[in-house]
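K.L.:
Using the sequences and the accompanying hints, generate a full structural model.
In the order they appear, the protein sequences are chains A and B. So in the numbering used here, spot 92 of the first sequence is number 132, and the numbers just go up one at a time. So in the numbering used here, spot 19 of the second sequence is number 21, and the numbers just go up one at a time.
These are computed hints drawn from the structure, not numbers from a lab. Cβ atoms here follow ideal geometry from the backbone N, Cα and C, with glycine treated the same way. Any given hint could turn out to be false.
Said to hold, decoys possible - Pairwise CB distance ranges, derived in the manner of DEER restraints:
no., chain 1, residue 1, chain 2, residue 2, range
1, A, Gly217, B, Pro51, 22 to 30 Å
2, B, Pro51, A, Ile124, 37 to 45 Å
3, A, Gln69, B, Val25, 52 to 60 Å
4, B, Thr179, A, Gly101, 55 to 63 Å
5, A, Ser174, B, Pro124, 32 to 40 Å
6, B, Pro124, A, Glu161, 25 to 33 Å
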Amino acid sequence: MNDFIQINPTSLTGKKYWRSLDQLANTPQFREWAEREFQDGASEMLSGGSRRTLLKLMAAGFGLAGLTACRRPVEHILPMSKGIEGYVHGVPSHYATVASVGGAAIGLIVKSFDGRPIKVEGNPRHPYSLGSTSAHTQALVLDVYDPDRVKGVSRKGKKASWDQFTGWWKQQASGLGDGSG
Amino acid sequence: MSAIFSKQFDTKLRLAAGAIVLVLGAAGAVMGYLLHPKQFDTGYTPVQPVPYSHKLHAGNLGVDCLYCHYTMDKSSYAAVPMTETCMNCHVRVKEKSPKLQMVRDSYATGEPIPWVKVHRLPDYVYFNHQAHVTSGVSCVNCHGRVDQMVEIRQVQPLSMAWCLDCHRNAAPNVRPTEYVTKLDWKPEGDPAELGAKIIQAKGIHPPTNCSGCHR
Numbered sequence: 041m042n043d044f045i046q047i048n049p050t051s052l053t054g055k056k057y058w059r060s061l062d063q064l065a066n067t068p069q070f071r072e073w074a075e076r077e078f079q080d081g082a083s084e085m086l087s088g089g090s091r092r093t094l095l096k097l098m099a100a101g102f103g104l105a106g107l108t109a110c111r112r113p114v115e116h117i118l119p120m121s122k123g124i125e126g127y128v129h130g131v132p133s134h135y136a137t138v139a140s141v142g143g144a145a146i147g148l149i150v151k152s153f154d155g156r157p158i159k160v161e162g163n164p165r166h167p168y169s170l171g172s173t174s175a176h177t178q179a180l181v182l183d184v185y186d187p188d189r190v191k192g193v194s195r196k197g198k199k200a201s202w203d204q205f206t207g208w209w210k211q212q213a214s215g216l217g218d219g220s221g
Numbered sequence: 003m004s005a006i007f008s009k010q011f012d013t014k015l016r017l018a019a020g021a022i023v024l025v026l027g028a029a030g031a032v033m034g035y036l037l038h039p040k041q042f043d044t045g046y047t048p049v050q051p052v053p054y055s056h057k058l059h060a061g062n063l064g065v066d067c068l069y070c071h072y073t074m075d076k077s078s079y080a081a082v083p084m085t086e087t088c089m090n091c092h093v094r095v096k097e098k099s100p101k102l103q104m105v106r107d108s109y110a111t112g113e114p115i116p117w118v119k120v121h122r123l124p125d126y127v128y129f130n131h132q133a134h135v136t137s138g139v140s141c142v143n144c145h146g147r148v149d150q151m152v153e154i155r156q157v158q159p160l161s162m163a164w165c166l167d168c169h170r171n172a173a174p175n176v177r178p179t180e181y182v183t184k185l186d187w188k189p190e191g192d193p194a195e196l197g198a199k200i201i202q203a204k205g206i207h208p209p210t211n212c213s214g215c216h217r
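P.N.:
Pasting the structure below:
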């Protein structure tokens, strides 16, 4: 029992403090009430391994609660809001381009699926390569996905924007003639 | 030393083992039945973000399947139409309807409408719509009477066994390509006969080997 905490210590001098009128009255009912650890209505710990059973049931409940996720997962289709002209999803598009391999120009036709280039073929109309590609040229498709590729416009080493480029180019182009002859 | 195991322990153990086997077997059978695509996938009717009714548009109004799902005969994907296709009409028709708010927002901001996919095939399967549509397999063979569905639900299991049933005997499911989107079309004679003639004429060979679909 809690001998070192006395409800009404009698050996102390000085003012006697009380926290309720019942304590002041020091009735036997109050003393009994104060000294009980758990009051009426508190459920008693049952005997035997019931604490173990409780823990087992809690663990099982916790585990079974995960089964609430057993539904068919929802998959979404996200079509474009406004289409791109001539683009059909699932049909690859081909672009004619040219690459510089070893200093020479190689004409290429690049197959692009969903906007992502996936295959490089030679362009048979190119007078230099006549549609042939070498292993290095075939590997160029990986250049497009190179993490170190140029990702934006730069001017003299500093990052610039497309607007700046078009402004600069307009200036240059005005001095170049009108394209006739 | 006292006996650890009672005399009846053997019998009890064997009975318990038998009971466990039976319970697991029963559970396996039930789950095998419930999780089969024919039970699990058919009837799937998810809620879509926009209450689009195929019955109204394709059925009552007579909009052809190919008007919206225009990539059906060109590409392996039968694309869900882009918002622009909806706005072709709905910029004037019911232009203030609250049900179409999401469509108008999508058109204005460029964000896609998050449609819920109903007919799902696993990623290890390659399905090409164009090959089927141009061969003469109608929409109704796999998707059912879409023009009578207010909410799209999956009617066929789309399991491999179900696909092979047709791939091994395609004649009853092949029709002239003009009638592919006419969902209630019925041929004059025997569908299998007509289908067999078309297969012969076009040289249709549905693949039944593994690499036909598992690419």
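K.L.:
When the structure is checked against the list of hints, which entries are broken? Sort them ascending.
P.N.:
Violated: hints 1, 2.
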